[in-house]
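Peer 1: Each chain is listed here by its residues.
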Amino acid sequence: MRFQVSRAQLLDAVTLVSTVVPPRSIKPILQNVRLLVDPVGVTLLATDLEVAVRYRLEVGQVTEGGDLLLPVNKLVGILRESVSDTVTVEASERSVNVRAGKSHFRILSEDPDEFPGIPSFTDEGSFSVDRESFRTLIRKTSFAAAREKSRYAFNGVRLEVEGDKLRMIGTDGKKMAVKTVTLDSPAVVERPPVIPIKGLSTMERVLSSEDPKVRLLVDDKQVIMRSGRAEVATRLVEGAFPRYENVIPKETPLRITIEKEALARAFRQAAVLTNEESKAVRMTIEDGQLVLSSRAADVGESKIEEPIQYEGEVISTAFNPDYVLEGLKVMDAEQVKFCCSGKDTPARIDGEENYIFIVMPVTLRSG
Amino acid sequence: MATGPLPERKIIHVDMDAFYASVEQRDRPELRGKPIVVGGPPQSRGVVCTASYEARKFGVHSAMPCSQAARLCPEAIFVPPDFPRYVAVSEHLREIFRRHSDLIEPLSLDEAYLDVTTNKRGLPSATAVAREIRREIQFELSLTASAGVAPNKFLAKVASDHKKPDGLTVITPSRMAAFLEKLPIRKLPGVGPVTEESCRKFGLVTCRDVLAQSPATLERWLGSLGPHLHDLAQGIDPRPVITDWIRKSSGIEDTFAVDLHTLDEAIAALATLAEGLARRLERDDSRGRTLTLKVKYSDFTQITRRRKLPVATRHAGVLLQVARELLADTEVGRRPIRLLGISMSQLDGDDEYRQLHFPWVESLLGAGSDHGLGLLPRADDPTS
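Residue numbers (the working numbering), protein chains in the order written: chain A, 1 to 367; chain B, 1 to 384.
It is possible that part of the hints are untrue.
To be verified - Here are the simulated DSS-like cross-link-like pairs (lysine-lysine), alpha carbons at most 30 Å apart as the crow flies:
1) A:LYS279 - B:LYS120
2) A:LYS337 - A:LYS260
3) A:LYS303 - B:LYS308
4) B:LYS163 - B:LYS120
5) B:LYS163 - A:LYS279
6) A:LYS279 - A:LYS213
Honestly, the hints are just simulated from the structure, not real lab data. Keep in mind it's a predicted model, so treat the numbers as computed, not measured.
Work the whole structure out from these sequences, hints included.
Peer 2: Shown next, in the form of structure tokens:
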């Protein structure tokens, strides 16, 4: 097996697939990238068994097809340090020779048959979504999902299709983000999958600027995305996703209208005088002004006033400022409407169309 | 973002067995083994507060008119209630609870929820805590209690009722579903005879029947109660244990083997005390605003000095600094001292903070995993 390829292109491709390669693994074989070489190109494969990336590279010169494994960090090191325009890769029995200009490397190689199988994308049963819409969905929902690795459905984002609406929902049980975009044509997904955060962030990373559309293939075990030359397959998070619609307050007794940036600034200011043990900013209305206040034991306290318009009854409540700010950060809106349903029930922040952000308050006992 | 997964909760419900009657029987041996009724006189309009188990066999139960109790059980001995005594016993009971958790929600003199997700003694499991509490009640109060251990309040209460009197029932998250399946809905909080009757019309008798229906169907049949029942039937009950008990003060003192004579010795002793108090405050997750210094001289005369602080704190350095300043107002260094102590009062001057969760969180955590709760399967587990 032998092929020659542009060094820069191969470096880009290997770098891209290497994002899923685990730094350490109980299965050392996963620290390799697999190269499947055919007469017209090379397919690169890498996986951590949860997420897999496949990348197709057209190659100028293939003398002979083949299949080989290379340690990803070694290959990246060689490609990064070389100044040669092209590299030549040639496989022999138990090793691989890499030539880059006047440099020559011989790397021991493991058996490619030991590498786990990686599902590939098929058009059948897939549907397409605008690339930037898909990016928006990921950005506006995945932050709300829980970060810790566990086997709960919180650690992923649910994907739902309803006719021509594609929706993602992320929640960690304390906050929740729901974003809906429109598809070009209606699609059907029988069982809405819950996609792990790592799978989503890998998908976002490989989105190709060459391809305005993303195609998604969903089945009971996995979701496969194709964008340009890249495919990402991810296993799903098991476990029931909560009945998330239940916590979206419909009618709220208090609605505060405020410029988004002013609200974010006020929360950032009040957050200065909070600490890890009491991450809380109180929110109330006094004399028609929004009043945020905070207090940190052994440090001090703050009070921030901001003019607002509001309708309904005054509700005094408190929030973790980080959660509110995370929601505001991704919201495309000049003005937002902060809708409180009660002291210890969910609040909804409206601003962007087709976007719902919900946050639970914190309770405080004042001394 | 450093938000850990929600720990599964471990709740104990402790319920004293026939509390008032048992206290009477304990303190008056002549009443033991006899049907007694604590309440008004037999012919009065008063009601039964508590009936002993002997009287219950005749169908006597609390809240029943005394006249009716007398008809059902003519041999019953009627005893007027002695509330101050029950309160004293109840205080001792709370004292036992407090050794294990500060998260105590008393429901009455003889019944309380404890959140022992973490317990103060570091016992290995909630079951071990419940067993120890029951042992201490038996040993120190010569009374028996029934206890239930479960991941939430409602199941803990159902569990404590499961083997009364003198029983312990543990419902682990993994056995929750099996336990609930057969449970009559009458046992669910909020389901009284009227609701029970209207549920029966729809064929809903056990939790299994409830779960066979969708929340939407239940809502159509029963209104907003429907989805709520559906949650309960799956063991979803996120209500927290609400403690009404706030520690008044926290203190630490040391009696010295050899009297202290110099100021430096006293300051060194205070430094140790300050560290200990800071640790204790931290453990209890509280802070205080008033520091009190106690000095006992070698002749056993004792004085206290106190200072109010501008903010609540539990910082060992601050405690030591203030205590040292208070020393200036004593005769320490000039008279030998046998004891020094410092305490903090006006505790919890700061906010008690709790991030709320969506109601379904607990059920998801319960569904995801059943290890880590520390509840050991036991022979007396009804579902084993």
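Peer 1: Run every hint past the structure and note whether it holds.
Peer 2: These are the hints, each one checked on the structure:
1. A:LYS279 - B:LYS120: Cα-Cα ~25 Å, so holds.
2. A:LYS337 - A:LYS260: At roughly 9 Å apart (the allowed maximum being 30 Å), A:LYS260 and A:LYS337 satisfy the hint.
3. A:LYS303 - B:LYS308: Measuring from Cα to Cα gives roughly 24 Å; hence the hint holds.
4. B:LYS163 - B:LYS120: 27 Å, holds
5. B:LYS163 - A:LYS279: With Cα atoms ~43 Å apart, B:LYS163 and A:LYS279 exceed 30 Å; violated.
6. A:LYS279 - A:LYS213: The given pair, whose Cα atoms are some 41 Å apart, is violated under the 30 Å limit.
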